[in-house]
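> What follows is the residue order along each chain.
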Amino acid sequence: MIAGRKIGSLTLSLIFLGAVGAATLSGCSARNHPAAILSQAEIAVWEASESRAPQHAPLELRVAREKLEAAKQALKAENYDSARRLAEQALVDAQLAKAKADSQFARHNAEELQKTLDALRIEAERLPLGY
Amino acid sequence: MLVNEPARKASPLKCIGLLLLAGTYFAGCSTVASPALERARKAFELAKADPEVSTNAPVSLYEAEKVLRQAERTAEGSGSREEIDHLAYLTNQRVEIARATAERKVAETEVLKLSQERERVLLEARSRVAVLALQEAEDRARKASEARREAEAKAREAAQARQESEARSQEAAQARQEAETRARDALRARQEAEQAAAKAKQLEEQLAQLKAEHTNRGLVLNLGDVLFEFGKADIKAGAVRNLYPLVTFLKEYPARNVLIEGHTDSIGSEAANLELSQRRAEAVRSFLVENGVNPQRITTRGYGEAFPVASNNSDAGRQKNRRVEVVILREGESADKQARTR
Chain Z
1 MIAGRKIGSL
11 TLSLIFLGAV
21 GAATLSGCSA
31 RNHPAAILSQ
41 AEIAVWEASE
51 SRAPQHAPLE
61 LRVAREKLEA
71 AKQALKAENY
81 DSARRLAEQA
91 LVDAQLAKAK
101 ADSQFARHNA
111 EELQKTLDAL
121 RIEAERLPLG
131 Y
Chain G
132 MLVNEPARKA
142 SPLKCIGLLL
152 LAGTYFAGCS
162 TVASPALERA
172 RKAFELAKAD
182 PEVSTNAPVS
192 LYEAEKVLRQ
202 AERTAEGSGS
212 REEIDHLAYL
222 TNQRVEIARA
232 TAERKVAETE
242 VLKLSQERER
252 VLLEARSRVA
262 VLALQEAEDR
272 ARKASEARRE
282 AEAKAREAAQ
292 ARQESEARSQ
302 EAAQARQEAE
312 TRARDALRAR
322 QEAEQAAAKA
332 KQLEEQLAQL
342 KAEHTNRGLV
352 LNLGDVLFEF
362 GKADIKAGAV
372 RNLYPLVTFL
382 KEYPARNVLI
392 EGHTDSIGSE
402 AANLELSQRR
412 AEAVRSFLVE
422 NGVNPQRITT
432 RGYGEAFPVA
442 SNNSDAGRQK
452 NRRVEVVILR
462 EGESADKQAR
472 TR
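Those sequence lines, one after another, are chains Z and G.
If you read the first sequence in the working numbering, its first letter stands for residue 1, the second for the next number, and so on.
If you read the second sequence in the working numbering, its first letter stands for residue 132, the second for the next number, and so on.
Certain hints may be false.
As the list claims (entries may be wrong) - Heads up, simulated DSSO-like pairs for lysine-lysine below, C-alpha to C-alpha not over 27 angstroms straight-line:
id : chain 1 : residue 1 : chain 2 : residue 2
1  : G       : K367      : Z       : K115
2  : Z       : K115      : G       : K236
3  : G       : K332      : G       : K382
4  : G       : K236      : G       : K285
5  : G       : K367      : G       : K244
6  : G       : K332      : G       : K342
Claimed, not checked - To give an idea of the chain G side of the interface with chain Z (calculated C-beta under 7 angstroms), a few residues:
id : residue
7  : G210
8  : H217
9  : L221
10 : A231
11 : A238
12 : E241
13 : L245
14 : Q247
15 : E248
16 : V252
17 : S258
18 : R259
These are calculated hints, taken from the structure and not from any lab test.
In this text, a Cβ means the ideal position worked out from N, Cα and C, and glycines have one as well.
Please take these sequences and the hints and turn them into a complete structure.
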């Protein structure tokens with residue numbers, strides 16, 4: 001899942017989260033700590049930005065990114081519930097961005113192909129029947 | 132939901148305590164009202180009812196349902212409004228994901244269908260082009276064979292023309308031969324005509340030599356009175372030579388007959404003159420026959436003094452009357468018709 005380009009920032013983020021998670025383990029039960037969900041969100045946002053979302057669903061992708069940032073901030077401020085919620089939302093937002101982008105892309109393809117086919121049909125009609 | 136998050140410390144004991152408190156307070160476990168949750172539920176119901184979504188994105192729909200149930204449980208379990216709304220939001224988003232997934236699948240199916248259709252159209256067009264190319268090839272082959280047949284027909288025509296020209300040249304040769312034959316015939320005819328003309332001329336000359344005259348009776352040779360002594364019917368020896376030309380003539384023209392007529396002057400009796408003239412004609416006849424002339428060609432007539440040619444009152448006249456006339460008849464004519472009348 002981790003491709004060549006954005007390996008640097010993703011890895012750093014994961015390390016950060018892992019560090020934060022380890023540091024705050026003592027403060028709260030591991031079950032409530034949103035580190036896991038945050039990493040999932042991070043990965044989801046990364047996947048979305050690697051997909052067609054930047055091109056076909058930029059707004060949705062931005063929303064996901066912003067929530068992820070907010071989640072990180074909340075985590076820093078030890079607002080764990082807030083961080084969890086924001087992370088969960090960032091996750092679905094990122095997934096939605098990707099799904100919308102893929103859907104847009106496919107629909108665009110279908111439209112283009114329909115146009116091509118129509119043009120092709122017209123050209124083919126021009127050919128004499130040849131019987 | 133994004134901005135105003137109160138900063139709270141997540142103390143587990145505190146959480147449980149609060150929950151217990153909330154639990155005892157809301158002893159009846161009544162559901163928390165949340166418009167967001169209502170909206171989320173409605174959105175889910177709609178999506179589930181949509182066959183396009185339920186067919187193409189069942190898993191995504193199930194994920195949405197999971198979080199919806201979680202939201203509902205939280206609501207029933209008197210969870211915080213924040214959490215309920217948050218879960219409602221997640222539900223909504225998951226429903227949207229299901230819809231987007233379904234749309235994508237539908238579009239991808241469409242793309243596949245359209246691709247196949249495109250292939251089919253291309254194939255048909257290609258086969259039509261192939262059919263056209265085939266037809267063109269057939270046309271070209273047909274034209275080539277037609278051209279070949281035309282060339283053969285032309286060759287045959289040329290051969291025929293050659294034959295015809297040969298036949299015509301044969302005909303021409305034949306015609307030439309015929310023309311030559313005709314020319315030869317014409318030449319022969321001309322030659323014959325010339326010969327005949329020459330013969331006729333010859334005849335004329337001979338007749339001129341004979342001193343024969345053209346009269347209405349035919350050619351008349353007047354032998355005068357040199358042949359006979361006075362009153363006699365014997366041909367004088369010296370006068371015989373006057374008759375040789377006639378003999379020659381008659382031999383040369385065997386188709387001609389002669390009529391020998393004897394005439395006298397008026398001296399003496401009619402009867403005697405008649406008899407004398409008769410005898411004299413006979414004498415000439417005998418001479419001719421003796422010299423080889425067919426007697427059947429000769430007719431004799433004595434006219435006595437009946438047909439004088441001059442006046443009997445003078446010696447000259449009488450001498451003229453005393454004559455023997457030889458009528459040379461036309462070819463094939465016989466003397467029967469020649470009856471002299473006044």
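> State for each hint whether it applies.
Evaluated hints:
1. G:K367 - Z:K115: At roughly 151 angstroms apart (the allowed maximum being 27 angstroms), K115 of chain Z and K367 of chain G break the hint.
2. Z:K115 - G:K236: holds, 20 angstroms
3. G:K332 - G:K382: holds, 17 angstroms
4. G:K236 - G:K285: violated, 71 angstroms
5. G:K367 - G:K244: violated, 154 angstroms
6. G:K332 - G:K342: holds, 14 angstroms
7. G210: violated, 12 angstroms
8. H217: holds, 5 angstroms
9. L221: holds, 6 angstroms
10. A231: holds, 4 angstroms
11. A238: holds, 3 angstroms
12. E241: holds, 4 angstroms
13. L245: holds, 4 angstroms
14. Q247: violated, 10 angstroms
15. E248: Nearest chain Z Cβ about 6 angstroms off; hint holds.
16. V252: With a closest approach of 5 angstroms, the V252 of chain G hint holds.
17. S258: violated, 9 angstroms
18. R259: holds, 5 angstroms
Consistency note: the structure conflicts with the earlier hints numbered 1, 4, 5, 7, 14 and 17.
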